[in-house]
Each structure stands twice: as structure tokens, then as C-alpha cells.
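As you go down the protein sequences, you meet chains A and B in turn.
Position 353 (the first sequence) corresponds to 353 in our numbering; numbering is contiguous.
Position 131 (the second sequence) corresponds to 131 in our numbering; numbering is contiguous.
What the hints contain is simulated information worked out from the structure, not anything from laboratory work.
Glycine included, every Cβ here is placed at the ideal spot set by N, Cα and C.
Treat each hint with caution, since some may be false.
Unchecked claim - Pair ranges (Cβ atoms, derived):
| id | chain 1 | residue 1 | chain 2 | residue 2 | range |
| --- | --- | --- | --- | --- | --- |
| 1 | B | 252 | A | 134 | 32 to 40 Å |
| 2 | B | 118 | A | 15 | 30 to 38 Å |
| 3 | B | 102 | A | 339 | 28 to 36 Å |
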Amino acid sequence: MADIVLDKVSKSFPDGTVAVQDVDLEIADGEFVILVGPSGCGKSTTLNMIAGLEDISSGELRIGGQRVNDKAPRDRDIAMVFQSYALYPNMTVRENMAFPLRLAKLDKATIDQKVDEAAKVLELTPLLDRKPANLSGGQRQRVAMGRAIVRQPKAFLMDEPLSNLDAKLRVQMRTVVSRLQKKLGTTTVYVTHDQTEAMTLGDRVVIMRGGAIQQVGPPQELYDHPRNLFVAGFIGSPSMNFLHAAVEDGKLRTALGDVPIGDRIRRELEGADAPRELILGIRPEHFEDAELIDDEARARGMEFTAPADIVESMGSDKYVYFTVEGQRASAAELEELAADAGADFSGGGGNLVTRLSAESPVQEGEDRRVWFNLEKIHLFDPSSGRNLTLHEGRSAGTLGD
Amino acid sequence: MADTTTRAKLRWGLIDVIVVVFALVPVLWIASLSFKTPATLTDGKFWPREWTLDNYKSIFDTDQFVRALVNSIGIALIATLIAVVLGAMAAYAISRLDFPGKRLLVGVSLLIAMFPQVSLVSPLFEIERQLGLFDTWPGLILPYITFALPLAIYTLSAFFKQIPWDLEKAAKMDGATQAQAFRRVIAPLAAPGLFTTAILVFIFCWNDFLFAITLTSTERARTVPVALSFFTGESQFEDPTGAICAAAVVITIPIILFVLFFQRRIVSGLTSGAVKG
Ligand SMILES: Nc1ncnc2c1ncn2[C@@H]1O[C@H](COP(=O)(O)OP(=O)(O)OP(=O)(O)O)[C@@H](O)[C@H]1O
Ligand SMILES: [Mg+2]
Chain A
1 MADIVLDKVS
11 KSFPDGTVAV
21 QDVDLEIADG
31 EFVILVGPSG
41 CGKSTTLNMI
51 AGLEDISSGE
61 LRIGGQRVND
71 KAPRDRDIAM
81 VFQSYALYPN
91 MTVRENMAFP
101 LRLAKLDKAT
111 IDQKVDEAAK
121 VLELTPLLDR
131 KPANLSGGQR
141 QRVAMGRAIV
151 RQPKAFLMDE
161 PLSNLDAKLR
171 VQMRTVVSRL
181 QKKLGTTTVY
191 VTHDQTEAMT
201 LGDRVVIMRG
211 GAIQQVGPPQ
221 ELYDHPRNLF
231 VAGFIGSPSM
241 NFLHAAVEDG
251 KLRTALGDVP
261 IGDRIRRELE
271 GADAPRELIL
281 GIRPEHFEDA
291 ELIDDEARAR
301 GMEFTAPADI
311 VESMGSDKYV
321 YFTVEGQRAS
331 AAELEELAAD
341 AGADFSGGGG
351 NLVTRLSAES
361 PVQEGEDRRV
371 WFNLEKIHLF
381 DPSSGRNLTL
391 HEGRSAGTLG
401 D
Chain B
1 MADTTTRAKL
11 RWGLIDVIVV
21 VFALVPVLWI
31 ASLSFKTPAT
41 LTDGKFWPRE
51 WTLDNYKSIF
61 DTDQFVRALV
71 NSIGIALIAT
81 LIAVVLGAMA
91 AYAISRLDFP
101 GKRLLVGVSL
111 LIAMFPQVSL
121 VSPLFEIERQ
131 LGLFDTWPGL
141 ILPYITFALP
151 LAIYTLSAFF
161 KQIPWDLEKA
171 AKMDGATQAQ
181 AFRRVIAPLA
191 APGLFTTAIL
201 VFIFCWNDFL
211 FAITLTSTER
221 ARTVPVALSF
231 FTGESQFEDP
241 TGAICAAAVV
251 ITIPIILFVL
261 FFQRRIVSGL
271 TSGAVKG
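So here's chain A without its partners, still in its complex pose (with noise of 0.2 Å):
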């Protein structure tokens, strides 16, 4: 068991592509760290660097406090489990997830008994003489982990391992990653593309964008106080929504409305390249039938009247998605998260997401009066894509101050 740093650990490939930037990151013994981002952010080339797999171009690795940069990955002792899973299609699910320890030359004996130990923790005692082929994919997913797990190693790193596996599947796994993680209390690296294994299994997240890191943190600071508009689009489903919001006369001119803002905002906006035009951002959560709402909860908001489009009764809230008049918010994040999303995020002149009570009596088609909660709000520089209202690492609505 060990702690891993990676000190501006750089990659570039010979043909010139820089897939891993400067990635400064700390990960405390037995910490569990989520890497998520979009397709080709240089996620499974910085978990291969950790591994070993390919050669770091710049910066240095330290495991356990020591510099393995040029160190071959079976002296580094870590697992990986692939997201093919990379079974050994000619030995049984026994010489699987003994291999690693008759490469450790281990003693027969122990070998036996640590294999038994392993298969029973995942419950593959019944499948111990089957080849891969005849698994089903679970099964195979656990083997992996099997094989990863009976030779203790430092860390274990995992690239998207349940991405293959179908929805119910996926879930079930989930619960078993978690808890054996727990259980073994070895720091654990595991990518993913998924919101909710992101948000679910780690104590902190890494978001990475182009080779870079965005934000690192757990998983509800990431998603109460994104640092940027990136950070924002990306966790969350359905995502936040985002406004084109035009600086007038110390207010935002929004589709919702005018909103007011705060005086540190104001502050900050009063300098002279700050920028005259924002992307107001907000979940849809934080939406509410204005026939539901308290005086005290309406004190802290603001309402507007639109169409509602559609809306889907989940039975616990209604999702009810609205149209808004005015401009599109456009930022070159916003079509980056759109491309990998393959769906539109930018509100304004489009579709807003919200989610209300379930009692809410909103019908489709008709016009419909809705709150929206000022201290929830994010407001972000379209150009560097910055979170305004953020201050100290928290995110306080644009009446903060």
C-alpha cells in the first residue's frame, strides 16, 4: 500500500500529440480517485503512465515516496484491471489469478490457498476450473478483479473496467468494486466516462479536459462549486443549464429576466477588461413550481413565465422542460461537452431543463410560472470560462458576497 504523486507529469506521443499536460496530483494511501472526462482527455495515458505502460515524457511519478519513472511495471507493484478485462484465454479462471503469483514464484500451497481466498471474496468458487470463453460478463469482470486482487499489490488501477457490462450489471458491480475497495483499503485509481460511478464510488474526482486537469475534489464540491464552465456541463445529468447573460445598468439581462447581483460580482465586474457579456448556469433542481413556493424561499428567487414543452413524471419529481426566448450561450467548453454528450447544452434560444415537485400541476403546453433560486446560481467568463461566483472554493449564487 502507497501513496502516489504525480509531479507535472507530462506525455507526448512521437507524432506530436500532447495527451497528458502538467498533471500535478496527490493521492493519499488508500484514497480511491476517479479520473473522468470526455473521450481522449488523456485519461487511460495518464492511468498507463501510473502503470507503467508507457513512458512519461516529462515530470516525475513517485509511488510509496519513490521516484519510478523508469521503473518496468512488475517492479512498481500495482494491478490494472483492463476495461477488455484481458483474460488469458488458454489457462482456467484458477491459472488466471494464480499467474501473477507463480510469476512471484510463490510456493504451491499458497498460491492455492490465496486464489481460494480471493475467489471466495468475489464469489467465483464454483467457476474455479472454467476457461474465459465460457463465462458470462460479469463473470469475466470478476475475475479480472480476481486476478488484481490475490497479490496485494500497492494500488490498484482500474481503466473504465464496467464499461462493457449492460446497465443492471454495471450497478451490481458497482456495489462490489465499492465494497472491496473499502474492505482492502488500497489506493485505487479507477477511470471512468460514467456520471454516477464518478460521483458514487470515489472520495475525490479528477476532471480532465484535452490532457489537463480541471478540478480535483469529492465528488459534492465538484458538483456544488464547479471552478469552470467545463467542470459544471460535465458533472450532473441532466446537466446544468446555460444562459446568455449581457452585463446592463449592474444587472444581468437573461431570458429568465433581469437578475441582480451581488457586490463582490459587481466588483469584479467593474474592471476594465472584465467581460460585458456572462453564462449564467443552473441545475435544474434548483427550479421550482412558483405555486409551491414559501414567502421565505421566494425572498431568495426570482420568477419567470414560459411554455412548458414536455414533461416527464419520473414519480418522485417532474422533469418539465421549458422554452426560453433570447440568446444562445456560447463558449468553446459548451461545444466541447455537446460533441461528447452528443446533445445540446446551450439554453437560451433553446431548451431549459428543470426539475419540480411532484405535485407540481404543470401541464403540457400551457404557460407556467416558475422560481428559480438566486443563491444557486453560477455565473462564468464565456472566454476563460471561469466561475465568478466562486470565492474561496465556494460558489454562493450571484447575491454572494
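For chain A, the structure is supplied; the task is to place chain B with the ligands on it using the hints.
Then chain B with the ligands, alone, in the frame of chain A:
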């Protein structure tokens, strides 16, 4: 549905039978001729009226055929071994690495395969006489390797491309050295490809007539296909057909053995279950 599948099966079965019969009749005919006496040789009957083993005895009577058999087996085995080893290394590089000139290498090896062999026969003859390779084993092994290599590289790189390379990475993560990863994980998976290629190359070397007839002159290096063409009867007036047929039957046996021996190792779908998707 069931009706169409049974009809489809019948149709395919019929086609298969026709193909097999078409391919086997000449072979069986030769086998039948090899058991006939000289008197009944031309009677046109498929089933010999009088059975005899004289033809087989006669070919083993003289040293000529046995020497040729030894030459054939030795030359084909050595050429196969070298071509498969070299081909495996080249195919591994082609399927695994990106190096400058890769496309050129593949293109050139294809060019060699397409080059008409007959146009190379006279230059080779001259070269080998100058170098003292004429009528020796290496004199045949070298051209066989040259022409078998493109074949070996192509089949092997097709096989290597199917091996999921994540397995090699996994082995390294599990603590294997590069050599251990190759020996314990990659080699067992590449085995069917190696055996298939070995069979193809062996058959190519075994059947060659063109190089064998031009690059040999005596029993030192003469292979069976050529030796057959030099068969004569015991006297000038005796027809050697029976003996040639017997020899033809004898020389197909090593090939059948070779294929049967390796076929058991060609387990299809050996890599299934390694990776998903
Ligand atoms: N061998 C290579 N040569 C050149 N460029 C490469 C190589 N491998 C990866 N890249 C590039 O490096 C970047 C990062 O790749 P990487 O595989 O780390 O992405 P990823 O975040 O894991 O993506 P995904 O979520 O799709 O798996 C990509 O732009 C990719 O095209
Ligand atoms: Mg990846």
C-alpha cells in the same frame, strides 16, 4: 424456417460431396493404378482385378527413390522451420510496431510473391553454379525460403493481428518480463497461426518441381517430384506408370501425416473469452 434450413443444408451437402468427389477421384485412381499389374494397367477398371504390391517393392528396390525421399523431407523441413521463424518475427513487427518503411516492407514481400518464378530459374542456376550451391540442399532451401516468406508473413500477421495486445500488457502488470509475457501468454495464442503457416509452407516446398529440376542434377539434392520424372522401367520396354503411381501415393503420406499432426493443435477460437467485444 425449418424447411428452408433443411433444404439449404441438403443443397450445401450436395455441393460439398461434388467438390470432394471431384478432388478425390484422381487421387483414388492413382492409388488404384499403383496396385495393378502391368498387364491390367490399362484395362480402365477402377477396382484392380489383380492386386499386386510389386510396384511398391520396385520403387524401394533402388536407392534412387529413397534418397529423393530423404532429400525432400530434409529440405522441406529445414526450409519450413527457417521461413516460419523469420516470418513470425517479421509478422510480429508488422502487426505490433509502427516503424518507418513498414508499408514498403509489406509491399516488397508482396512483390516477391507475385514475381513469376520461372523467370528467375536461369539467373538462379547461374548464381548457384558460381557459388557452388548448385545441386546441394542449401541450393534449394534458400529459394524455398525466399518464396515461402511472403506467404508466411501474410498468414502470420493476419493471425497476430487477432491477438488482443491487452493480454501482453496484462501479463506485464502481473509481473511478467517481456520474454515471459511472450512465452506464457502470446506464444500459446499464436500457436495455431504458426502451425497453419508451417503446413502451408511445407506443402509449398514439398510440391515444388520447377526449382528442384533446374537446381539439381544428381541424387545429392534431387527431391521426389523430380525423381519421379526420371523413373524408368526395368527395361526400355517396360512401362513405369505403375511405379510412378506407387511413388506418388508414397509421397502424399508425409503430407497427410504432417497435416494430421499439426491439425490437432489448430484449435479454432482459441482466443475467445479473452476480451469482450
Ligand atoms: N499511441 C498514440 N500515439 C499518438 N496519440 C495517441 C496514442 N495513444 C493515445 N493518443 C492520443 O492521446 C489522447 C489521449 O488518449 P487517451 O487514450 O488517454 O484518452 P482517454 O481519455 O482514455 O479516452 P477514452 O475515454 O476514449 O478512453 C488522445 O487524443 C489520443 O488520440
Ligand atoms: Mg481510455
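To see whether the hints hold, each was checked on the structure:
1. B:252 <-> A:134: 32 to 40 Å: holds, 39 Å
2. B:118 <-> A:15: 30 to 38 Å: violated, 44 Å
3. B:102 <-> A:339: 28 to 36 Å: holds, 33 Å
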